[in-house]
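Novice: Here is what each chain is made of, one letter per residue.
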Amino acid sequence: MIDFFLGHYGYWFAILLMCLGLYGAIMKKNLIKKLIGIAIFQTSIIIFFVASSSKWGATVPIFDEKIGVANTAKYINPLPHTLMLTAIVVGVATMGVAFALVISIFQKYKTLDESVLLKRMKKDNDI
Amino acid sequence: MNIQSFYTSFVPLYAVLVSLIAAPLIILSSKKRNLREFWTIAASLIKFGLVVSLVPNALLNKIAELSIVEISPGIELALKADPFGVFFALVASGLWIFTSFYSIGYVRGLKDHKQTRYFFYFAICLSSTIGVAFAANLLTFVVFYEILTIATYPLVIHKEDEKSIKAGRKYLAYTLTAGSLLIAATAVTYQITNNLDFKAGGIFENIVLSPNMAWILFLLFLGGVGVKASIMPLHSWLPTAMAAPTPVSALLHAVAVVKSGVFGVVRVVCFVFGPKLMYELGLNNILIVFAGFTIIVASLMALKQDNLKRRLAYSTISHLSYIVLGAGLLSSAAILGAIMHIAFHAVMKITLFFCAGAIYVNLHKENISELNGVGKVMPWTMGAFAVGSIGLTGIPPVNGFVSKWYIGLGALQANNLIALIILIISGLLNAAYFFPIVHRAFFRTGEGLEGKKEASPFVVVPLVITAILAVLLGICPDFLFDFYHLALRVVTNVFGGISL
Amino acid sequence: MKVVNYLIMIVFCALMIYASLGLPSRGDAYADLNKEKSLSQTPNAASYYIHNAKKDAETENMVTVILADYRGYDTLGEETVIFTAGLVCFLLLRKEKKKNGKKKR
Amino acid sequence: MERKKDNPIVSLVSRTVSPFIMLFALYVIFHGHYSPGGGFQGGTMLAAAFILIRLSLGMEISQLQFKSSWATPLGSAGVLIYFGTGLIALLFGGNFLDYGFIPFSKAVAENRSIGILCIEIGVAIAVMAIMVSIYDDLLEGSSDD
Amino acid sequence: MISSNSAALTPLILLFMAVSIPIVALKKKQIAFFMVMIATSISVIISFYNIFRVLKVGTIHYHFGGWIPPIGIEYVLDPLSSFMCLVINVIALLVLIHSKKIVEMESKIKSVPYYALVLLMLCGFNGIILAGDLFNLYVFLEICSLSMYGLISVGEKQAPVAAFRYLIIGAVGSSFYLLGVGFLYITTGSLNMVDVRSIIPHLYNEPTIIVAISLMVIGFGIKMAVFPFHGWLPDAYTYAPTTSSALIAPTGTKIGAYAMLRILFFVFGVNYVSKTLHITDILAWLSAIGIIYGSIMAISQKEMKRMLAYSSVSQIGYIGLGIGLCNPMGLIGAVLHVMNHAIMKACLFLVAGNYRVKLGHSNIFKLSDNIRKKKPWTTAAFTVGALSMVGIPPTVGFFSKWYLVLGTIKNSSWVFLAVLLISSLLNAIYFFRVLEKVYLKPIRSTNLEELNMPENNKKDEVSSSALIPVLILAIALIVLGLLNTIIVKGIIEKMIPAGM
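Chains as they are written, first to last, in my numbering: chain S, 1 to 127; chain G, 128 to 627; chain E, 628 to 732; chain X, 733 to 877; chain F, 878 to 1377.
Just so you know, the hints here were simulated from the structure itself, not pulled from any lab data. Since this is a predicted model, take the numbers as computed values, not measurements. A portion of the hints provided could be inaccurate.
Straight line, CA to CA, 25 Å or less: simulated SDA-like cross-link-like pairs of lysine to any residue [what the hints assert, rightly or not]:
hint : chain 1 : residue 1 : chain 2 : residue 2
1    : E       : K629      : S       : S115
2    : G       : K293      : F       : K1366
3    : F       : K1034     : S       : K55
4    : F       : K1251     : G       : S157
5    : S       : K55       : X       : Y766
6    : F       : K906      : E       : E723
7    : S       : K28       : S       : A39
8    : E       : K629      : E       : L648
9    : E       : K681      : X       : F836
10   : G       : K241      : F       : I1046
11   : S       : K119      : E       : S667
12   : S       : K55       : F       : L1080
13   : G       : K492      : G       : C603
14   : F       : K1235     : F       : N1247
15   : S       : K110      : E       : E723
16   : S       : K29       : E       : I637
17   : G       : K159      : G       : T243
18   : G       : K241      : F       : T1260
19   : S       : K122      : E       : E687
20   : F       : K1366     : G       : S194
21   : S       : K28       : E       : I644
22   : G       : K293      : F       : R1310
23   : S       : K119      : F       : E1033
24   : E       : K629      : S       : A39
25   : S       : K29       : E       : M636
26   : S       : K28       : E       : M636
27   : S       : K119      : F       : I1046
28   : F       : K1034     : S       : Y109
29   : S       : K28       : E       : E723
30   : F       : K1243     : F       : I1299
31   : F       : K1251     : F       : H1238
32   : G       : K293      : F       : I1173
33   : F       : K987      : X       : Y766
34   : F       : K1287     : G       : G201
35   : F       : K1314     : F       : L1302
For reference, chain S alone in the conformation it holds in the complex (with noise of 0.2 Å):
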């Protein structure tokens, strides 16, 4: 039990994190905390990825002539690293466009609530 619960933690605080971000992006009104939102929710599923790739007792995956490549437990897996380092990107790239468009709202509706701007483009489509 202990030794089960040892093992998973680390993906529960992973899914906990994920729980807030998705609460974030799909409950809040404000749009740069919807982002923020996104941001935790994607930062979540990294953390959720290296942590799978963890192995007890191993060392960065960097070739070391003293530990040799025949073991694979001497090295973590790498895998999920590379994978994250692309998700990362990612995430920044989305970010990025996110507050470009924040911006580009912003300068038209001078507002960044979500329910004020869905009152003023319901206007904007009755003219």
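Guided by the hints, dock chains G, E, X and F onto chain S, whose structure is given.
Specialist: Then chains G, E, X and F, alone, in the frame of chain S:
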């Protein structure tokens, strides 16, 4: 089965294509009226010629078949000139000639708008009707059936006033629903039989079908073809569609749309389910019930209509159900009568509609109560009208008698006295709603008819010819086009032999 | 609407916890993803990388080798992603320059 | 909006630090083979160095260092370096991105090493340029005029 | 060299051109358009080449960097992916030809980054379609999503808000997918689709697999706008500039559908998703709800683009239903409908764009029949597209519906059958509403004289670069309808995954 020799022939395809090719030509020559109408006439004549050329072979049961393109794995867009198809095509294309001439007189007389559109869709309509007639399998049938639906829509709304647009919407709602049901029915059939080719005696002939399934399927089919055949309670689009110009009504109610509906009913009864299966499962009873109901009720409703075209429409509804009744009786004579009624009713009804149109063009009168003394002004027109009325009532020597006789014979064959009684009552009702019109026209004096003359020959000549045709066909049903023998051939194919 | 959103959150959370119960323990060097062969006896990519990265590309950092070589196409895609983001910002926000100001900015 | 007067400490410190950040960024890029690092990390650091100057000294002066209109083409160039490396491999008969076919040296493994370096440089340039360009665009969009 | 690398060439060429545009078009902006033309034409040619090659030699695997999967990344060119590639690229080419004048006419779009983003989006589409690696799919999904946000956001005033809302939900969706990939990777230790497919049968009872599949389905459900996740779509399509909406509407959601299909059937296995987890059933039900919901919402819209957007929701339902039926006919219907819907939505959105450019609006209630007089060809194309949407033969819309109907009957799922049939009627309602406006005289118009003035009815067709693609698409709808068996038999039947 009989000895059926198949041979490939492009004639059915040409018959479909003629008016389809004429359609763009009509559009291209929209500025030159005479050329445009020349295309219409030329196409109708060529089409009729092509169909007539198929008659001898159809009589010999040499069925011209042609598959054009595979439209679904295992199912082809195929045309087949079997006797029944030739029969219907003959009716449709023959009457198209009259309708074209008549339309020209009509639209010119009224100086109508968008005449090009009118002739364009007319041509497409006829193409798809011929396609329906020659369809070799259910899917092809559905394809042309749907095209017919869409092509008729612009004709229904031709006047573009509020009434006709509403009528168009109603028409579309009914017919598209029917089309959907037909697609579903076709798909179910395909799933069960893996074959959609029409076959005399039925696709389901050798297939075990659970009664429940058969009922559902039959109701789907009935919903699909019943709307166009305007079986009550699916009829109500038809009187509203009267908003269309008269030639269109003539086409809708005498030839193309409703007749393809009843054509579909007979196809379904004889060529999809087959009389045997129908009889075993008692599916025909539903047809008889609905048809009998429709005949009586529609006649009664016709009685109280004052608008001439509406009265004609209700009369159409009742007469279409004659055909459905004939199909439902499932006896050879009844089906023979039903098939012949397709042609004969078309001839008579188109005469009546032409008359109504002629009166409208000439005198701008639509209501029966205004028709006092019209017969004196327009003797030819009203004479033709009288002939048509007599025919529809079922009095010899006009052709309506012949088909009615066979249906009655079939009712006796099937031991169905109720059907016979219905036929007799309906004959009386027919007399009740047609003869007063004739009486008014000839024996009462009207007002405001001074100086009026017969309508233009473009209008009058077609209707007189159709009236004469009605009489000739009554005297000799095989006159010119072998309607009787074609129908007999169909019945022989379906039943394998015939006993009248 | 709010209730639905809360419901989504709870369902999501429950789903994730449920899934995490089936995950191998964190740090287990002998979990499926770290084995030499997968369950269907195909080679496991991660182990192959650890064994061969140095040999294949003369590079110590395995992550770099995977990033740039074994899964180089992903990295090209990722670079494209950030390039896309740059273009979106360009498209949305950059103002059209006046003709005489072209040199100055 | 009135611009506040430049704070000399800020400008001095940032101007001093910026080259060192760049140097370290270069180290990260080129040492990616041996230690954690590589194009992305180095590229962002480079971008950080440029953005630091932009933050502290303002748009006009920083244009002298790195013109914003160059950013997008430079980003394109970065991606093209990457793409070109793959394309060379393709042209020399391998699959796309198969660095073993790039004729830098005889040994396949060494070719791969060099290929990796090439694309790291490409990545670094692209990331740096795009980061700066995103920053510039966001700034341009949020300034009212 | 080209033949050995052709599998990977479409995304690479698009990517190369997209990346070079900012450099090459630095001085001369007009070059951007020509580069787009070159890139899309080449990719169309290569797609054709690929499809023939696949049909000849079977599935082609392309290994990036020469690493054999699961070590490296591979592209899989099988009938499904090659077909999708072709559809997407051809549609894109046609829409982009249309964009020549429109992009600069409409608002003030900077053509250089705009066209670069268009190419990047197409590159993303092609990458997703060809990807044989789960994570690679994610990367390309992000490329196309990000460029889609950008392309949408430069439209009207509301467009950035629509794009932002799409971004939020899209980011959640792709994160869900990434999380799913994470679970899948942790459990199986592989990212290659073929490899995962071989490992997964050992792990069917693991909770992680179940959660992974649901996360992925939700993720792609968001991307393909299946019913409860469709919220982003109407706004995004309505406010986007013409070219963007005409590009994204036909292709964007299809990519989600494709990825869904690929993941469900080719990664997890047909029997597992349908028999064990019943995920396909859920998908089918959601799609069915979406079909009805989308149609009803479309009826209540007054803006043409918004109406088309809601109709997209409903049409996506068709595709989802076809996938969810999980039988060969359903799959054929779904894939055929992907093509069909892509063509007709491109056609309709382009027409809406043409109207918008010429009239300044595309409000249905402000349309009148002088638009038909001014732009007869555009309107004719719209009509064909609308008829295909309703499912009138011989357009391809009828046949995709036919296969779907066959699929529902195969599964004996009568509810879905009813949904399909009802929805085509609902489609008819909202399209005939537009057609009535466009073709008929306004019934109650205060300024009838103004409308009938000759200068108002003069032919004023859009430029040929905007007209030709529309016409090609319209003609393609009919031609492909008649020739659908060639496609179905030649390609689509080869896509049916094992175990279906």
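Novice: Work down the list of hints and note, for each, if the structure agrees.
Specialist: Hint check:
{"no.": "1", "hint": "E:K629 to S:S115", "verdict": "holds (14 Å)"}
{"no.": "2", "hint": "G:K293 to F:K1366", "verdict": "violated (43 Å)"}
{"no.": "3", "hint": "F:K1034 to S:K55", "verdict": "violated (52 Å)"}
{"no.": "4", "hint": "F:K1251 to G:S157", "verdict": "holds (16 Å)"}
{"no.": "5", "hint": "S:K55 to X:Y766", "verdict": "holds (21 Å)"}
{"no.": "6", "hint": "F:K906 to E:E723", "verdict": "holds (13 Å)"}
{"no.": "7", "hint": "S:K28 to S:A39", "verdict": "holds (14 Å)"}
{"no.": "8", "hint": "E:K629 to E:L648", "verdict": "violated (29 Å)"}
{"no.": "9", "hint": "E:K681 to X:F836", "verdict": "holds (18 Å)"}
{"no.": "10", "hint": "G:K241 to F:I1046", "verdict": "violated (50 Å)"}
{"no.": "11", "hint": "S:K119 to E:S667", "verdict": "violated (56 Å)"}
{"no.": "12", "hint": "S:K55 to F:L1080", "verdict": "holds (22 Å)"}
{"no.": "13", "hint": "G:K492 to G:C603", "verdict": "violated (35 Å)"}
{"no.": "14", "hint": "F:K1235 to F:N1247", "verdict": "holds (12 Å)"}
{"no.": "15", "hint": "S:K110 to E:E723", "verdict": "holds (22 Å)"}
{"no.": "16", "hint": "S:K29 to E:I637", "verdict": "holds (20 Å)"}
{"no.": "17", "hint": "G:K159 to G:T243", "verdict": "holds (10 Å)"}
{"no.": "18", "hint": "G:K241 to F:T1260", "verdict": "holds (18 Å)"}
{"no.": "19", "hint": "S:K122 to E:E687", "verdict": "violated (58 Å)"}
{"no.": "20", "hint": "F:K1366 to G:S194", "verdict": "holds (17 Å)"}
{"no.": "21", "hint": "S:K28 to E:I644", "verdict": "holds (24 Å)"}
{"no.": "22", "hint": "G:K293 to F:R1310", "verdict": "holds (12 Å)"}
{"no.": "23", "hint": "S:K119 to F:E1033", "verdict": "holds (16 Å)"}
{"no.": "24", "hint": "E:K629 to S:A39", "verdict": "holds (22 Å)"}
{"no.": "25", "hint": "S:K29 to E:M636", "verdict": "holds (16 Å)"}
{"no.": "26", "hint": "S:K28 to E:M636", "verdict": "holds (13 Å)"}
{"no.": "27", "hint": "S:K119 to F:I1046", "verdict": "holds (20 Å)"}
{"no.": "28", "hint": "F:K1034 to S:Y109", "verdict": "holds (9 Å)"}
{"no.": "29", "hint": "S:K28 to E:E723", "verdict": "violated (35 Å)"}
{"no.": "30", "hint": "F:K1243 to F:I1299", "verdict": "violated (28 Å)"}
{"no.": "31", "hint": "F:K1251 to F:H1238", "verdict": "holds (15 Å)"}
{"no.": "32", "hint": "G:K293 to F:I1173", "verdict": "holds (20 Å)"}
{"no.": "33", "hint": "F:K987 to X:Y766", "verdict": "violated (43 Å)"}
{"no.": "34", "hint": "F:K1287 to G:G201", "verdict": "holds (16 Å)"}
{"no.": "35", "hint": "F:K1314 to F:L1302", "verdict": "holds (18 Å)"}
The structure fails hints 2, 3, 8, 10, 11, 13, 19, 29, 30, 33 (numbered hints given earlier, in ascending order).
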